[in-house]
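When we follow our numbering, the leftmost residue of the sequence shown carries the number 25, and every step to the right adds one.
Keep in mind that the hints are not guaranteed to be accurate.
[Claimed, not checked] Computed list of lysine-lysine pairs in DSSO-like fashion (alpha-carbon distance at most 30 Å, straight line): (1) K340 x K360; (2) K664 x K407; (3) K684 x K664; (4) K407 x K360; (5) K360 x K409; (6) K684 x K340; (7) K360 x K443; (8) K340 x K407; (9) K340 x K291; (10) K291 x K409; (11) K684 x K407; (12) K409 x K664; (13) K664 x K443.
Calculated directly from the structure, the hints in this document are not laboratory data.
Here the structure is a predicted model, which is why all the values come from computation and not from measurement.
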Amino acid sequence: MRKDSLFFAIILIVGFLAGYQQLVVIDKGTEISYIHLQENQVIADLLSHDSLTIVGNSELSATAQSESWSGNGTSSNPFVIEGYSFFNDIISMSHTTFLSISNTSYYVTIRNCSFAYGRQFNYVEGISLENVTNTIIMNCSFDYLENGITIQRSSSCTVRNITCTNLRHNGIYFLECQDILVEDNTIIGVRYGVSINYALDFSTIRNNTLINSSITFGGDNPSHFIQNATGNTVNELPFGYFTNISDTTIDMTGYGSLFLANCSDIKANNGYFVNSSIGVTLAFCRDSSIINFTSRYGSIGVFNTFCTNCTLINSKFIDNEYSIQIEYSENCRVQKNSIYGNEYSAIGLHEVQGIDVSENNMSAADGNVGIYGSFCNDSIFNKNKITGYLMGNAIYDTLNCNVTQNSIDDSLWYGYYSKRSENNYIFNNSIRFNDIYGIVLSNPVGDEISHNVLIDNANGASITNSSGCIFRNNSVSNNRHAGLKFYNSSDCTIINNTITHNGETISPYHQSGIYLSSNVSNFEIYGNIIGWNDDSNARDDGSSNIWDDGFSRGNIWSDYTTPPYYEIPGTAGSYDRYPSVIVDVYAPLITTEYSPTNPTSEEIVTVTAVVFDHSELAEVILSFSIDSGVHWNNITMEQKADEWTAEIPLNSETALVQYKVYATDILGHGAVSDTESFTVIILQPTTTTNTTTSVTSTSTSPSTSTTESDYGVTLFVEIGAFIGCGIIVILLIKFVTRGSTGPK
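Generate the whole structure from the sequences, applying the supplied hints.
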């Protein structure tokens, strides 16, 4: 080979490497790093500058003169602010804007500047414009700030060809603006990349590149959400922006995120959104469904605002900040979703009505709230499993809600919490292992708490500032401190509850089965089984509380020994006039659950039962059927601490499993749980076909779609290609050298 030909080949290879601008993605779990081999948009050798604040046209003119800016503020010759580096890394610096302009009407261009804070965020903002007109921001960079650009109540503004990286909140934020153009910008690692709120007219957002970010719109009118958004990408896929469409099915796999505004009868399914700020947004939509998609590492998985009769079902949310947020909507359903590891609320509701949140499974080791609701009237929270939050279910300012058949466990604070509720019905929930209280009600009026199981919490329940509430048929047992505590309340009824074995630890707090503080009055308390609570079975420091029905029925006590009355400890001097001694005539109380919640035919399902009884249990039996109840198989369950467990083996022919639990105590009292069922996902065996010839052996298998796990492979391949090309260059050079000198 001739030297000049080889040299030309080498130049081609090196040129290929120099021009290579493939986006390389490295999966780091909750964070994705992006390596861009592209030209810098901002010019080098910028002039360092302190923060600037300009208010009014006269101050703008004076600053332009003192800073020697070019231009005179006209349309043909605008003031030009360029070539500055706004940078500061002072530790105490906070709530600062590098460049602030307000109340001006001159034409201004801000270009070729950089804005950065040398430390992490600290509430420092790049550019803030308010009540300005005719301003262009272009070819600037923003890094490690709270917000990049904020423009409020302004008109005729353009943001073009800027770069935002590692901003904590907003990249480009508009509020109440008109005649907006946002184009050709690159935004990486920003919670809300481009955010248009309460737009006063038709804005244009086009050809922007967003990575680990997204585009959002906000407002309270359909026109605020219907803008001209074209050519934008999120994580290298199109930003799916649909307005004013109906009766359509959308496959979300082709989009980086999805936005629906003023749409109806939409069915959007599939999709895997990773590191998109907001996976799916619905605004002013009707009769639409989001089905079977996954949101991971986002700020919000699904955001639903001003919608009617919309459904979110069978989807997964993994390690998002907020998984599902619904506001100003009615008659929507959130059902059968799996939510893991969210940082704040798993499901958040605000000013909604008639919402049905049912059969969702959510857990987080350090999440804030499982289900959070404020002003969510006439709503249903049913059969949800909530594990491991600060508060499992927290509801504020609500009317007429039903909280039924939920399992709420392992909260760091409270299992169920409500404040300023009225006529809510908390029924048949299992609330266990919560570190402060199982149930906390603050300022409830007319709430009914019935048939709940409050076991193994620090305290069973606390009710404060209540009026007209009913606490009925609950089992409150084995809580470490008190069973029930009431403060500053009146006119409540405590009837037919089982309150036993509370207060196992020594503590300065009240350890009673039932505790009524001072300022508790006019309670009626009867028909309860109250026994074996360590400090005292009851204590009454209130006034005018009645511990029987006034005729013949009082409470049943474990320590009643001296007829005719049972004296209630406390300063009130209360008596139960018709007491009796506990005799166990009651059957065991059984609650069950199973895991995993979506089993496959290759897994073993573990059924766990919590069984409460006043006496010792003789046996606990799991009975299950795999043929719709025709035949039943029995397994003796094993006791582990306060629970009983047994395993159900599955196979490729098992589609539906039904199960129930039988329990019998040593006195012969027996009970059976409700029959529960679950569907098994049948896995088909994977086959591999080997085709062999005299030359090669080829293995073929079905093709698979790319997921986030492929990013590591992508990086490996890209680096391998780069190294491979380098090796080729070295070998070619060596070949030329050998060719020029002859064999050695």
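Results of checking the hints against the structure:
1. Only pairs whose Cα atoms come within 30 Å are accepted, and K340 paired with K360 is accepted, the gap being roughly 9 Å.
2. Using a Cα cut-off of 30 Å, the hinted pair K664 and K407 holds, with the two alpha carbons roughly 25 Å apart.
3. As the CA atoms of K684 and K664 are separated by approximately 19 Å, the hinted pair is consistent with the 30 Å bound.
4. Annotation: proposed proximity of K407 to K360 holds, straight-line Cα distance about 10 Å (limit 30 Å).
5. Annotation: proposed proximity of K360 to K409 holds, straight-line Cα distance about 10 Å (limit 30 Å).
6. For the suggested pair K684 and K340, the alpha carbons sit about 28 Å apart, so the restraint of at most 30 Å is met.
7. Proposed proximity of K360 and K443 is supported: the alpha carbons are some 27 Å apart, at most 30 Å.
8. Annotation: proposed proximity of K340 to K407 holds, straight-line Cα distance about 17 Å (limit 30 Å).
9. For a cut-off of 30 Å, the pair hint linking K340 to K291 stands: about 17 Å separates their Cα positions.
10. Between the alpha carbons of K291 and K409 the distance comes to roughly 27 Å, so the proposed pair stays at or under 30 Å and holds.
11. Note on K684 and K407: the hinted pairing holds, with a Cα-Cα distance of about 17 Å set against a maximum of 30 Å.
12. Note on K409 and K664: the hinted pairing holds, with a Cα-Cα distance of about 21 Å set against a maximum of 30 Å.
13. Simply put, K664 and K443 have alpha-carbon atoms about 36 Å apart, too far for the 30 Å limit, and the pair is violated.
Violated hint for the displayed structure: number 13, the only one.
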